[in-house]
Every structure is written in structure tokens, then in C-alpha cells.
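Chains as they are written, first to last, in the working numbering: chain A, 10 to 274; chain B, 10 to 274; chain C, 42 to 348; chain D, 140 to 395; chain E, 140 to 395.
It should be emphasised that the hints constitute simulated quantities derived from the structure, not laboratory data. Glycine is no exception: its CB is placed at the ideal position from the N, C-alpha and C atoms. There is no bait here: all hints are sound.
If you want a taste of the chain E side facing chain D, the calculated C-beta under 10 Å gives, among others: (1) P240; (2) P249; (3) L369.
Here are some chain E residues pointing at chain B (derived, C-beta under 8 Å): (4) D294; (5) L295; (6) D297; (7) L298; (8) V300; (9) V301; (10) M302; (11) R303; (12) A304; (13) Q308; (14) P316; (15) W393.
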Amino acid sequence: MRSPALRLSEVTYTYSPGLRPLEALSRVDLEVYRGEFVTLVGPSGCGKTTLLRLVAGLAHPTAGEIEILAGDGGGVGFVFQGGALMPWRTVCANIELPLELAGVASQRRRARAREMMELVGLAGFEDSYPRQLSGGMRQRVALARALADDPALLLLDEPFASLDAFSRERMNEELQRIWLANSKTVVMVTHDIQEAVYLSDRVVVMSQRPGRVKGVFTVPFEHPRPADIRYDREFAALAQHIRQAADSHSSEEEQESISVVAEFF
Amino acid sequence: MRSPALRLSEVTYTYSPGLRPLEALSRVDLEVYRGEFVTLVGPSGCGKTTLLRLVAGLAHPTAGEIEILAGDGGGVGFVFQGGALMPWRTVCANIELPLELAGVASQRRRARAREMMELVGLAGFEDSYPRQLSGGMRQRVALARALADDPALLLLDEPFASLDAFSRERMNEELQRIWLANSKTVVMVTHDIQEAVYLSDRVVVMSQRPGRVKGVFTVPFEHPRPADIRYDREFAALAQHIRQAADSHSSEEEQESISVVAEFF
Amino acid sequence: TGATAAPPAATERVKIAMGFIPNVQFTPMYVALEQGFFAEEGLELELDYGMEADILGLLGAGQLQFAIGSGDQVVLARAAGLPVVYVYDWYNRFPVSVVSLAASGIESVEDLKGKTVGVSHLAGASYIGWRALAEAGGLQDGDVTLQAIGYTQVAALTSGQVDAAVCYYMNEPVQLQTAGEAVSQILVNDITPLPSNGIITNEATISGKPDLIRRLLRAFDRGLRYTLDNPDEAFAIAEKAVPEIEGAREVQRAVFEACLELWDTDELGVSSDEAWSSAAEFMLRDGLVDVAVDPASAFTNEFLSED
Amino acid sequence: MGWSRNAKTASQVSASVVVAVGLVAAWEAVVRLGGYPTYIIPRPTEVAAKALQVVRNGTLWQHTLVTAQEVLLGLAIGVSLALVVGYLLSTSQWFERVLSPYIVAAQSVPTVALAPLLVIWFGFGMSSKVAVCAMVVFFPMMVSTLVGFSSVPEDLRDLMVVMRANRWQVLTKLQVPAALPVLLGGLRLAVTLAVVGAVVGEFVGADRGLGFLVNMGKGIFDTPLMFVALLALMLMAMALYVGVLWLEHKLLKWRY
Amino acid sequence: MGWSRNAKTASQVSASVVVAVGLVAAWEAVVRLGGYPTYIIPRPTEVAAKALQVVRNGTLWQHTLVTAQEVLLGLAIGVSLALVVGYLLSTSQWFERVLSPYIVAAQSVPTVALAPLLVIWFGFGMSSKVAVCAMVVFFPMMVSTLVGFSSVPEDLRDLMVVMRANRWQVLTKLQVPAALPVLLGGLRLAVTLAVVGAVVGEFVGADRGLGFLVNMGKGIFDTPLMFVALLALMLMAMALYVGVLWLEHKLLKWRY
Ligand SMILES: Nc1ncnc2c1ncn2[C@@H]1O[C@H](COP(=O)(O)OP(=O)(O)OP(=O)(O)O)[C@@H](O)[C@H]1O
Ligand SMILES: Nc1ncnc2c1ncn2[C@@H]1O[C@H](COP(=O)(O)OP(=O)(O)OP(=O)(O)O)[C@@H](O)[C@H]1O
Ligand SMILES: [Mg+2]
Ligand SMILES: [Mg+2]
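Extracted from the complex, chain A is given alone in its bound form:
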């Protein structure tokens, strides 16, 4: 489990629209091991989405290097922040898309899509178009699509942001189950620190723009984790620590101590 799946070395990314360049990421170092579940948390606009896009190859670092060492052959599953559903495809056809691109026969595709829809609680909406779905339902379609062709690397950008607490917890459990069953590498962005701690092997806390890695927290609990581990004292303490680390108002000195705490876990 210690062989790396991807490695970012001193990655800097600068957007340059028009005249003012905007440094979104600054010298980010990060290694994600094969089969690891890593979560990124950090303030809005700190470059989390940018980081995922770089990993997915949708953009190339302005400086530094990214190595994708996966080599499992499996593709990449990406849940985009906005969903990125094709409005002209039904829910089912949207979920089938990656299978279609991989040349899977239509019957197996259909079966797999139904399975996925069941999983995300959308059975019965096969023939609906995205615009006929609620926000949370669309997000679940995006998740189902990302999971459909069982990719080795999953990049999830706030996949549960529009879900109610209960759906969210259920989806968390499903995701954990799938991850454990297929030993995927997952990099997820979330704003929910409980969720981050519940799912991850490590939580990466990023700083305000330009995004830097402010601290990395290893979550010590064994997988699979029961749902009620959230009420565990140690869990709560870790979550609280991460919360403090993520607080953009904490000063540099405080951050020093955070790193120490991070080492501790």
C-alpha cells in the first residue's frame, strides 16, 4: 500500500486571464499512495479544484512536476464541482457514457448503469433528463457516472455538497465500501471536515490563496469505519484539530503548532 500513485513536486499554477496573473497554487508537495484515500480541505478559492484538474491532466503546472504513477490501466473518475452532465442525455445515458467510450456492449452498459442508479438512490429516473432533476439528484448522477467504469483513480470535487445530511452519510458509507472493495486511489475535496475524517487516510489542509499545503493529518482509525465512529471522542478531537488548522484566520505561528499536531496523529 506504500507504493505512490501520484506525486506533486513543488507544483505552482498561475492563471493568466487578461493582464493580471493569479497564482492559484504555490509550491505544493504531495504524494498519494496507491489505494489511499486523501481529502483536501481549505477555504473557498484556495485552489482545490485547480489541484484536481492538474492531477487529471486538464491543466499543466506552471512550475514543478506531477507524476502519475498509477499504471493500473483503469481510467480516471472525476466528479466535477458543477456536475458536468450532458443535458441531451437521459440520466441513464449519462451514467453509461464512460462505458460507452470504453466500448462496453450496450446490454452490460445498461445493467451497470442501473446498478449505479440503485446505488445512488435514483432508480426510476433512468429516462429523465438532467434538467428534470433536483440539484442533489444531479450530483448523484455525476457520482454514479464517475464510478460506472470502476476507475483506479477517483477525483471527487465536493461530490456531496448538495446532499442532505442523511443522504450524505449514506453516500459516504457506500463510497467507503466501494473504495475498500476495489482498492481505488481517491482524492476528494470537501468542506465537511467530519466527512473528511470519516473517509480519509489523510486529510490535507490547504491555505488561503495562493494555495499551499498547510498541514497533513493522518487519520488513525481502521477501515471499515462504523457510521457512529463520528461520535467517538478521538474522532471529534481530530476533527476539531483539523478545523482549527483550516481556519484561515489562524496566524503563521499557530500554523507551526498545527504541523506539530499533524505529526502527532
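The hints should help you fit chains B, C, D and E with the ligands onto chain A, whose structure is shown.
Below, chains B, C, D and E with the ligands without anything else, positioned relative to chain A:
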């Protein structure tokens, strides 16, 4: 404060795309008082967005009646779940839009937009286009726009879903401040029950599709509420109750008891 | 009178570009086809209905071997270096005329002074006809306002946009007359003769296949004669060849009659030296061409059947 | 729902009839009030009588068939070429900027000026008409392809990249469906222009087809015949256009 | 950034020059290999000599000016009309379905058939050419308006409703900007067709303008003159098209 701003009586709404009609809301009764802050919580796809759309006049009930009794003259501020920013307008121009439509002079418009951008933490991004913003930043633009012309009725559809915990708490406080200062009527959808309790006078819990009102909880704390009220025991207990009520897996009998609890608060 | 040649070994395919849509004006051609005159010469004739302006270029470039066109165009074309030669004078009289509604009282060239005259384009046979008529009739520049009106002569006349219009003798005037409008017209040919419409070929064909030209002209000549001798039968043949005229039979008959007037002469097909010389001189004088064209090179009677 | 759709279609059809009748009445009125003689604008009744005649004797049908063939062939060739060229140009903005003005230049050459070359290259037969038709169709379709392809949402492009779609898959599964509204808009223009194109092609020189019939009617002073041919052309264009509307209805139903 | 943009523009310009030179070379090659005589296709040098002549004596300029006026007026009228009619039709799908086929029908009438009516209504002055040009421009612009307006995102429509925008505000602040890419696509077609339209208008009967010059060159077998006029027409169309591209660049910069 007890004069009603809007009243829904036995409101039913059915979408009928193609052949299968879909009942999104079923016999919803709800009264919101002038200057009240009401929050809707409920599972994904239960009709919260639909309800806001009906209140805003974007759709008309299939059965039942909606009365808007506001009459304050002020418009409606709506934060859409998807943001609904105009891609061809800069951030600043997007925020100015309602003022522009109201015929406010360009200088005052500009000043107001800057004020709003300051408020939502986007100073410096005046001339960016929406596509150059992160997801959370876009959401904040949508909020700034909704607040720009100081509407008497605010309809907020998961306005903070893409914000990190700290930005979210800060925005919550700002929203509370604005609401208190201008005695607006607010109907907000959220999936964060803490947020709901922190901000609302009443929390409306809706049931799984077709959406019904499952319970209404009155939040007894005085406004303005300090940020750390979240750690108050009573606060936590109420949040816990609402959470249970909102659990879509609870049976009908349990729901009976929920209503009783709701009465109690 | 048409000499019958010995039937040749194999039929030869030839194309002739007519320069206008199928029409009773081409009756002699239809007659010659229908009566088998071309077949008797061993020719399988194909009629192409391209637009006049393109045809001479194609003919000169060797893309075509035969075309119908007017003599003035041959002068123009030769001045521009196109090796085209006029070999059969079909329309004995130059068919362009200046038409006006009778009510306007225009009866002579003199009456046109101060009027607006419409002409299709500032080029082409009708324009050259107009220039010739104006010169011969003593009109100075500025005496009339010339207006390019495309092919809207009838509308332009009846709506009063122009006082007179330059037309083909057998077209618009006939149409107006059969519609009951009284018109008066001045035929260019009555004022100044110009080489009119006939069959044109190119120098390559003349040097390469003189016999082909002879045979073609012989067959056509028989068609023309037959038409003049048996107008009713000829018209019936035209009706069969161009079934679309069914609904406009009366007008077309009148057009046909007008054509007969223009075709009838003692010496079918023979071009006159004087007409060509005076045309070539006039066109140079008038600036219509900027190099002198030797009339002798522009036409020849040598392929006409020796009676 | 089913009922209301039928009712809607029925109301559309009846409204269309009303409009058509209204137009004929307006035509009659124009002729009467303007005092135009038959040889300028014939009366509806004269045209109807002529129509009956040419329908009965088969003339109209025969010419219509010729033009229909030219139009359909020209459309097929012009649209396919436009899609291919449009796609190629859309792959590089630089390419497009450099080349498209020349395509525009080619478009602005009037057909009459091209006539001799057309005759040399295609002869007087059907192919020259098909060529003109295809040329006329090409441009609006190419511009639509360019505009349509450039309006593909960025997030979906990214999606396809992440899913490692190949070029062909990106084209068929993303670009074409996303551009479809604009492409179909282009097709609306193309079908209309195709009819005009075939007619212009026939004007260059033809002895059959509806454009020929228009010329014929004009040439033999049979204006009712000309109007019958014009009406047939209009009906052909309308039929093609309604066909495209129907296609839009089918293909873009996710929008409604 | 500034540098790279200049470099890009420079590369575009130089590539355009290369393409232009290539086309001239191809033209020369076609003439030589095809063995076409001058009166079918003149050589580039002959055309250049003729161009020099007509530029010197002012002829070309004078005719270009006439056609340019017709084109610009026709464009202005046709585009405005199309926007208005397109907008009105877009307000009701029912309306559109019923009426648009008739607009299509009107479009498919060849200009030559309309010539007599044009003459009666507009006379032989510039107005008849402007009318033809406007008619030709109208249709692609109208279809673009329809397609563009129907592609306005639903959530933004809702936004405008919630903000109680009036019709005019919805039009100017939402529909037009949202439809702009498609509208500008329509304008690309419109400017090109406008040139063709003015020329066709001049063919109906004119004594000035570049279309007239083409006809004239053809009529007097002065093919170099005809080619000079054609080149002038092409340049006009290219200039207008590049103008629209520039406008797109300015107006759609939020996309890049
Ligand atoms: N296409 C773009 N062009 C220019 N700047 C951009 C672009 N996309 C993002 N940015 C900028 O880069 C910074 C980081 O954006 P990013 O989307 O990575 O943030 P994020 O961490 O995902 O935030 P959020 O939690 O709000 O989604 C932001 O300040 C944003 O303004
Ligand atoms: N335009 C539409 N056409 C048909 N059905 C629709 C449409 N919009 C929503 N629905 C359906 O109505 C139901 C309620 O949708 P709504 O958007 O109101 O849910 P919601 O409570 O806002 O959910 P979420 O929290 O996921 O945003 C869903 O089942 C959805 O499928
Ligand atoms: Mg993001
Ligand atoms: Mg919703």
C-alpha cells in the same frame, strides 16, 4: 412581526414531462410572517427548490393557493441552487444587475456592488468573469447579487453549499446581521441543520418525495445570536431533534412523535 | 432544294448551344431534327440551352463546336481574340427593336429625344443594336436617358419607368400586342442593317472538320426551308418539341409568325459583305471595340450548300 | 399530454390554412387594387387553372422531380462537405482565422461569373446544378458548424478529456450533440438556399427543372406557368423546412 | 501576454499572405495546365494590369463605392428587420411554427422572378438593389435570431423573471447577450450574402456597381475586367467578414 408575508395553502405541484407525471409537492401548508427567517430542510429531491420557485412565481401550483402578502414594494432576492450568473458579465456587473434593472444610477450601482463584494469577501475580483472563479466564489457572487438591491423577501437555495466551514460561518453571521438590520423575510433551503438552527426563527422539515411538511420547529433563541451559541446544550439538543425528524428512514409513527416535539419547542 | 449527300458510315454526335431557353424561335432546328435531316447527314444533334454570354467564350475555347448568336457578338468576340466565325445567317433581319406603348406617340427615332429608353444591359446585342440605331438616327449623347433594366422590359414600360425599351422584335412586343396593348416599334434593321442571329463555329472546326460544318448547315437549311414552306406543320412540331408552350399557344403562334417575317429571304444563310463591313466599322467608330476587326475573318459563306 | 399535443398540432395546421388562404386573398387584392395585368402578376384563379393543367399532363411533376433530385443531391454534398471543413477549421482557431476569409471570398463570387467554368467542369447536365446547389449550401452550414462547435460547454470538454475519449468520440458524443441546435439552424438555412441554388444552377442553362420552368414561363410569356413553377419551388422549400423543424423537434426534445 | 498576442496576429497575417500568394500561384497553374484562353480565365498578370488601369482611372473605385453603399444599406435594413421579426416570432413557438414556413417560401423565390415587381415598386435606382440585398440578408439573420433566442439558458430566464425585468430589459440584458454568439454567426453569413445580394440586384438592371462591372466585362469579352470586379467583390466580402470576426473578438471576449 406576526403579520404574514406569504401563505401556502394545500399547495400541490406536479411536474409533467412526457408521459409520467411526478408529484413534487403534496398539500403543503405554510405561513411565513413578515420579517421571519424560515429554513427548509429535507432529503434531496423532496421539493425544496420547487417550493421556492412557486413562492417566487416561477411556477404555479397544480392545486392549492399561494398568497404573497408582502406588499413592501421591495423586490425578491433569489439565490439559485446553480448560481445563475451571466457568463458574459464581470463579477461586478453581475452584482449590479438588479440595481441596473431598477434604474439605479451607474455610480451608486458601482459603489453598492463594491460594498457587496467586500461583504462576501470577493474584493479584487470585480473584473473577473464567472468562469474565472472557483465554485464557492461563484456562489458568493450569487448571494451578493441577491442582496444588492436590498429586497424585502429573500429566497435562498442552498446559498452556502460550496463554502468551507469558516467562510460559511462568517456568511451566516453577515446574513443574520443584514436580516436584523433590514427586517427582511427570508426563506432558505439548507442541508446544514446547525446552520438552519443558528439562523432561523422556524425550521421546516420536509418529507421524502412527494414533499410534505413533516414538522415545523420553532427556534427559541433571541436574535442576534452569538457565534458560539452552536456549542450551547439546548442548541445541540434542538439540532439533534431536527436531525432525527429529517431522517428519511424514520417511520410514520416516529414522525407523529416528532410533531409533538416540534410543538414543544 | 437541299442536296442529299451519300449516307455516311457512322453517325457523329454534335452539340450546338442555343443561347436561350427552348422556344418556338428554334422551330427550324426542331423541324430539321424531327424530319431526320440531321440524321440523314449522319449527325446526332444535341441542343444545349446555355446563356448567350457564356457561349462564345466556350466556343472560342473549343469546348463547343457550334452555337447560335448574333453577328455583332462575333465582332466583339473576335476583337477580344476569340477565334469564332459566323457561318450561317439565319435571321435575315437584325431582330432588335425599340418598343413603346402607342399612347406615348413615339414613332420615329426623332421622337425618342428627351425620353428614357430602357436596355437590358450596357452590353449585348440589344445594346449594340441601340447604338447603331441611335447613330444612324442622328441621336446625340444626352438626347436620351439610357437605363439598364435587365429583362423587365414589359414591367418597365407598363409601369412608366421608361418611355421605350430595346427588345427583341419577336418577344416583348408580341407579348404586349397579344395582351391587347397597342405598341409601336422601330426595328433597328429598318434604320441600319446589322449581321443578325446565325450559326457560329470556331476556326479549329473550320480547319479540322469543314465537312461537319457543311453537313450541319445543310440539314439546318432544309429545316428552315421546310419551316418557311409549311409553317403550320412546323409549328406543330415545335409544340411537340417544347410541350411547355401548350398553355401559351396563341402568343407563341404570334411569336412564330414574327419570326417567319425575320427569317424569310431569297438567299437563306447568306451573309452580306456590306452588313458585316458597316457593322465592323460602326463598332470601331463607336468605341464598342478598340481594335479593327476584319469582317472577312468574322464570317464566311463558304460552307453553304452549293445549289 | 397526448391530447394537448394533438390539439396544438391541429391548431397549428388550421392556422396555417388560414394564413395560406389569407395570403391568396391578399394576392388577389394586390392584383385587383394594383390593376396589374396578367403578364405582370396573374390572378390566383388563372394560376390555379394553369396548375391543374400542368399537374394533369405530368409536366409539373416531371420538372419537380428533376429539381428535387438536384436539391437533395446538392444538399447532401454541400452539407457533408461543410461539416467536414467546418470541423477541420474548428480544430484550430488560427487555421480558421487564416482560411475562412478565403472561403468567404469564394462565396461572394456570383454564380453567373462561374458559369463558363461550371459548364467546362460539369457540362450542361444535372451535375452543374448540383454543384451550384452544393456551393450555395456549403457556406451557411460551415459557419453553423464553426459557431456550433465553438459553443460546446467547457466542462463537458474537460469531462471527455478525463474520460480519455478519442477525437471521434469527442466529435460524435459531445461536439455534434452540443452543437445540434446551431447545426439544425444552419440546416434550416441550407435547405432553403438549396432550392435557390438549384434554381440558379438551372438558370445558367437547363432544359428541365422548376427553375427552367420559371424561365420558360417568362420566356414564352406564360406568367401563370411561371407562377405555378414558383409555387412549386415555394412548396418544396417549405416542405424541406418543415422537415427540419420536425427533425429539431425529434432531436432536441431534451430541451422541452 | 501582450507579446504573444502580437506574435499570433503577426503569424496570422503572414500566413494569410502566404495563402494569398499560394492561391495566385494555383490560379496561374490552373490557367497554364488547363490551357484555358484569356477569355475563359485570364492570367494573374493580365488581371493585375487591368486592375492597375481601372484603379488609375478611378473606374474601380467609383463602382466599388456604389456597391459598398448598396451592401451597407441592405445590411442595415435586412439585419434590423430580421432582428425585429425574429424577436417577434421567438416570443411564441406557435407563431413561429405557423409563420416561418411562409417566410421560407418567400425566400425561395428567385430574384429574377421578382424582378418585374421590384422594378415597379422600387424603380431602377439604388433602392431596388438595396431591397434585393436586404431580402437576401434577412433570412439567415432571422433564423439566427430564432436559434439564438431559443438557446437562452433557462436559469437566467428565471433570474430575470424573479428580478421583475421588463420585456425590453430581458431582451437587452439577457436575450441579446446570450444569443450573441449565434447572432454574430448569422452576421457572418449576412455580410457575405449581402455582397451577393447587391450583385444580384445589379444584375436585374444597373449601370454602375461591381455587379454591373462583372456583367459588363463579360458582355464585352473583357474577362480581365470581369476578374478585377470579382476580386473587388471578394475583397469587400472578406473585409466585412473580418470585420465581423473582429466584432466577435471584442464582444465575446468573456469566452476566451
Ligand atoms: N479559469 C480560470 N481563470 C482564472 N482564474 C481562475 C480560473 N479558475 C479558477 N481561478 C482562480 O483560481 C483560484 C483557485 O480556484 P479553484 O477553483 O481551484 O478554488 P477551489 O479551492 O476549488 O475553491 P472552491 O472551494 O470555492 O471551489 C481562485 O481564486 C479563482 O479565482
Ligand atoms: N423541470 C423538472 N421537470 C420534471 N421534474 C422535475 C423538474 N424539476 C424538478 N423535478 C423533480 O421534482 C422533484 C423535486 O425537485 P426539487 O428540485 O424541488 O428538489 P429539492 O428538494 O430542491 O432537492 P435538492 O436538495 O436535491 O436540490 C425531484 O424529484 C425532481 O426530479
Ligand atoms: Mg472548487
Ligand atoms: Mg434543490
